[in-house]
Each structure stands twice: as structure tokens, then as C-alpha cells.
Amino acid sequence: MQSLKQQWFGNISGDILSGIVVALALIPEAIAFSIIAGVDPMVGLYASFTIAVLIAFVGGRPGMISAATGAMALVMVPLVRDYGIEYLFAATILTGIIQIIFGLLKIAKLLKFIPNAVMIGFVNSLAILIFMAQVPHFIGISTMTYIFVAITLVLVYTLPRFIKVIPAPLIAIITLTTIALFSGIELRTIGDLGNITNTLPSFMIPDVPFTFETLQIIFPFSLSLAIVGLVESLLTSRIVDDMTGTESNKNQEARGQGIANFVNGFFGGMAGCAMIGQSVINVKSGGRGRLSTLVAGLFLMFLILVLGDLVVRIPMPVLVGIMIMVSVGTFDWSSFKYLVKAPRTDVIVMLTTVAIVVWTHDLSKGVIAGIILSAIFFVVKISTIKIVQQDNRFMIHGQLFFASTDGFINYFKNTVIQSDRIQIDFSNSRIWDDSGVGALVNVEELLKDRGIEVEIIELDLPSKKIIEKLEGMSSTH
Amino acid sequence: MYQHILLASDGSENAVRAAKEAVKIASCTPESIIDVVYVVDFDKTVSDVLHSNSSEALDIERRKKNSKVIQFLNESNVQYKTTILRGKPGQEIVKYANEQQVDLVIIGSRGLNALQEMVLGSVSHKVMKRVNCPALIVK
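Note that the protein sequences, when read in sequence, are chains A and B.
Residues in the first sequence are numbered from 175 upward in steps of one, following the working numbering.
Residues in the second sequence are numbered from -7 upward in steps of one, following the working numbering.
Treat the hints as calculated values from the structure; they're not laboratory data.
On a predicted model such as this, the values are computed, not experimentally measured, just so you know.
Misleading hints may appear alongside valid ones.
Here are the simulated lysine-lysine pairs, DSSO-like style, with alpha carbons at most 30 Å apart [as the list claims (entries may be wrong)]:
| hint | chain 1 | residue 1 | chain 2 | residue 2 |
| --- | --- | --- | --- | --- |
| 1 | A | Lys587 | A | Lys515 |
| 2 | B | Lys87 | A | Lys515 |
| 3 | B | Lys131 | A | Lys283 |
Derived contacts from chain A toward chain B, CB cut-off under 8 Å, selection only [as the list claims (entries may be wrong)]:
| hint | residue |
| --- | --- |
| 4 | Asn290 |
| 5 | Met293 |
| 6 | Val297 |
| 7 | Arg412 |
| 8 | Ile413 |
| 9 | Asp415 |
| 10 | Gly419 |
| 11 | Asp483 |
| 12 | Val502 |
| 13 | Ser508 |
| 14 | Tyr512 |
| 15 | Val514 |
Note that the Cβ used here is the ideal one computed from N, Cα and C, for glycine as well.
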């Protein structure tokens, strides 16, 4: 891993430039995710500023961008709707505490157990939900709305071919906002959905009763947020690791996410996490170090302080168009190939994850269901034992342990054996535990009763050891 | 003659064809070394990471992708080394070739038609235009 000095100042000009690009790309997303969560755009913008600046110092993956995200916004919707914004701030603080604890418990190791089928389901359901969240803002509002969404989409997909330095969404926002302002076309704007204030975030303690009841309300949300935040952050850090060919400290990242959210809640921000899309933009724009994340946060705040009054004029359809692009970019399009090529069980896990998230609007539920389902499939697969008969030799394929003994015993119970002497071949198997040894003894006795002598062959060393250990203890020997 | 030969490889059949030409040229000079450059494309990393269980699995997957070219070079009697770059393929190959001052760049062409080239962009075309050394495009 690089030295801290290297992480900060190893790539100064690249980091400053990419940080600026990210800040520009971040503004529409931070606003759109605030709208998804049902809060003022300022909440997402403050969160993006606070998280980005803090993560630059406490994160474990230099060059990764963290801010207000769609995945987190989706989880908090019911909390904001039913209890209000103050409970969101409290929940954000608690999310931070849970993530710090997870970080200290070295949760990153556990996240390695999330199968890729679940991860693919995660990004796909996130993409679907971001898209679905846009629908109420453009279906059946006005013809002009449709036209502006369409023009935005054309611009964001064609401009990057010609202009590479400035992010296309920004150009689309500037041109279309100008057109909307001067032509007087009736369009809903961001200002219709919330306020933008030109002030820095300030410290405040959430205005909620400090009771057990409050904790009961926020805890389930905070736990979901903590899980979703860490899953997306650790996935993103793997992507940045791969893009840059460097390593990162995953536990430090988990802890850093916690610290960032903890502080963020006291400064009027919503819980956030790492962003795949923005991190990719950062690395592609030349960002590698911690400085890029810091610049992104600071420049974002600077833009809001200077341009806040103009931001509220941005027409909603333009923002919707940009978010459709974001959702298309988030979706893993190679999933269609995956549906055909991947093992059946993996496909089922992926689709189940997607279905549960789209049903519950909670990514953490999908992840947990996906993990449980794939664990079940794993146990079923590993506990399946196959026996192939070649004359008098019975080849065992698979692991012999407590979950697979039934299949093993039943086979010999139900198979008619003509010979009075057989071999059981363990070259493709291993005995793992007492139950496995018991099953073998059981089968030997069963066959002995039928007048068949059994010879066990090709046992590997660990299997022999476990048999010897148990035979030493048994009373019959 | 050509001492440091850069062979750009994406592991495809075109790359194997290019490797054959590279071997022919390298065989002429005993000091020649073929530098097999494989670029991990930024546009594919998100999907690559998503579809692999670990960075180790991904590493093996990429080695496998390039294995046809490596196998061919193993069978032929030439010196070679491998280099992995990350970024946009065309851009990274050009940057590396110019920085390392290689003597010759060899690259396979996908054989796109005019329309595909406009949409997808031709890596070999880009490389040929921008490297400071002779380039051999293998059809």
C-alpha cells in the first residue's frame, strides 16, 4: 500500500482536475437522490459535501468518491414520510455508529462471502428503482416534459463523443435551463420540490425525543442503511482497486464510512456511501489520491454557495433525463448473458435479490435474502452425494458429513449387490465429521448382515485421521 | 533491427494472428524481445468485478483471456515478456509505446466496416496514427 503522503500528494494536478469534474457530476445526483428520499435538495448536497470531505481523511480507499446515494435514499423513504426529517438525521448518526462498530469487528472479511450473484442483483435492482423513482416526475405531466426529457437524453449520450472535458450532464443542464428560462416554457423546476440555501452546513443536534421509542423507530432503518452503505462501498472499493491496480484497506473504509455518516447526521445531511458511477468518473478523469475526493467535496460546496439561486431553476425533466442515464449506466447489461450462461442456482439467487428489492424498496433485504438463498443452495449442492458403480467398485463423489449421510446410507440400503465382496472408493470424497464415520460404519455393518464384505480404499489422510481418532474412542475396538 | 517489439493483445483471434507476425519479425534478430501488452479496459472493470468472486479469480480470468497468445509465444522460440496496463486501450498502448520508445508496434485489426468504426472506434487505427514508431496492422 502507498504511503500517506503518496495517497495525498502523489497525483496533485490529476486529482484537482478530476475532483472538479466529479463535483460537477455530483450536483444533479445529490439533488435527485434528495428528491427520492423526500427531503430538501440541501440535505443531499450537505451530505455529499460532508461525506466527501471526511472520507478524504478517514476512508480506506484513496480516489473513491462517497456522497449521498440512491441506494441509501431508497431505504430512508418510509422514515422521512412517516416521522420527518429530524428522525432521518438521528438515523444517520446511528448508521454511522453501527458502521464504526462493523468496521472495528472487521466486517470486510464477512462481506467477502456475498456471492457475485447477489452483487449483480444489487446493482440491477438499484438501477430499476432509480428509474422507477423518475417515472412520477415525467409520465403524464405535460408534452413539454416528455420533450425535455428526450432532448436531455439525446444530449447526454451524444455530447461525450465531441466534448470530453466537461461532463455532458452539466452541459445539458446549462443549455436546457437557459432555454427554459428564456422561452418561458411551463416546466416544473427543482425549486418546486424544495429549497436551496446559500449557507454552509452548521452543527445541530437532531430534534427528536431521546427515548427508547425513538431508538425503536430509527434502529431498523439505521441497520439497513449501515448494511447497504457498506455493501456498496466495499463493492466500489473493489472496482477502484481493480481500475487503479492498487490495494485498499477495507476495514478502514468501513470505519471511515461510519465516521463520515456519524458527523454528517449532526450537520443536516442524509446517510450516504461510496458511489460506483462517480468513482469510475473520478478514476477515468485522472483521479487517484485522497486529494481528488477532498476537492470534489469542497468544489461542490463552493458551487452551491455561488450558484444556489440558479440551481433551483433547473427544470425537473432535465434532472429526470440525467437520472435515467444514471440508472442505465448502473444496470449491469451483461446480466442478460449471465441469465443464459451462469449456473441455474446463481441465476435464481440474482433474480430473487432483484425481486425482493423491487418489492420492498430496501436493498439490504434483497442482499440478506440473496445470501441466505445462496447459502441454502450451497449446502444442498455440497450435501449431495453421488455414487457410481463400476462392477464391484463403488465410487463416492462428494463430501461425507452430517448433511450427506442419508444419501450415502440409503444408496447402499436400496442397491441390490450380487457379489459378496465390494470396494468403496473414496478417491473423490472426504469424510469430514463423526456423522460421516458413523455412516461408513453403519454401511459396513449393513452389508455384513447381507453377507457382503467391504473394503474401503483410497481414503485420503484427513479422512483416515478422523476415523482413527473415533475408532480409538469407540468401545468395540 | 527491431529490438523492442510491442505486441498489443486483447486475447482475440486477431491478436493471435498479430502474434504470428510478431514472431516472424522477432526471429530475424536474436536480441529482439516481444512485449505483450494487454490493456484492462476501464469500461469493462465494473462488470468484470461484479462477475468475479475475488480479485484473484478476476486475475486468472484475464490471464485465460490472453492465454492463446501466450501459448503461441511459448511454442515459438522467441523472447517475450507481458505487461498489463489499465485505461482506454488505444490511449494506453500509445502512451506506453511512446514512453518506452519501442521500435515497432504490432496490433491486430478487428476488420470493422465504416459504420462500426464510427460507432465503436478502431483501436488499431488510433494506435497507428499516434505512435512515434513504425506500426504493423495485421488483418
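Evaluation of the provided hints:
no.: 1; hint: A:Lys587 to A:Lys515; verdict: 38 Å, violated
no.: 2; hint: B:Lys87 to A:Lys515; verdict: 36 Å, violated
no.: 3; hint: B:Lys131 to A:Lys283; verdict: 48 Å, violated
no.: 4; hint: Asn290; verdict: 5 Å, holds
no.: 5; hint: Met293; verdict: 6 Å, holds
no.: 6; hint: Val297; verdict: 7 Å, holds
no.: 7; hint: Arg412; verdict: 5 Å, holds
no.: 8; hint: Ile413; verdict: 5 Å, holds
no.: 9; hint: Asp415; verdict: 7 Å, holds
no.: 10; hint: Gly419; verdict: 6 Å, holds
no.: 11; hint: Asp483; verdict: 36 Å, violated
no.: 12; hint: Val502; verdict: 13 Å, violated
no.: 13; hint: Ser508; verdict: 5 Å, holds
no.: 14; hint: Tyr512; verdict: 7 Å, holds
no.: 15; hint: Val514; verdict: 13 Å, violated
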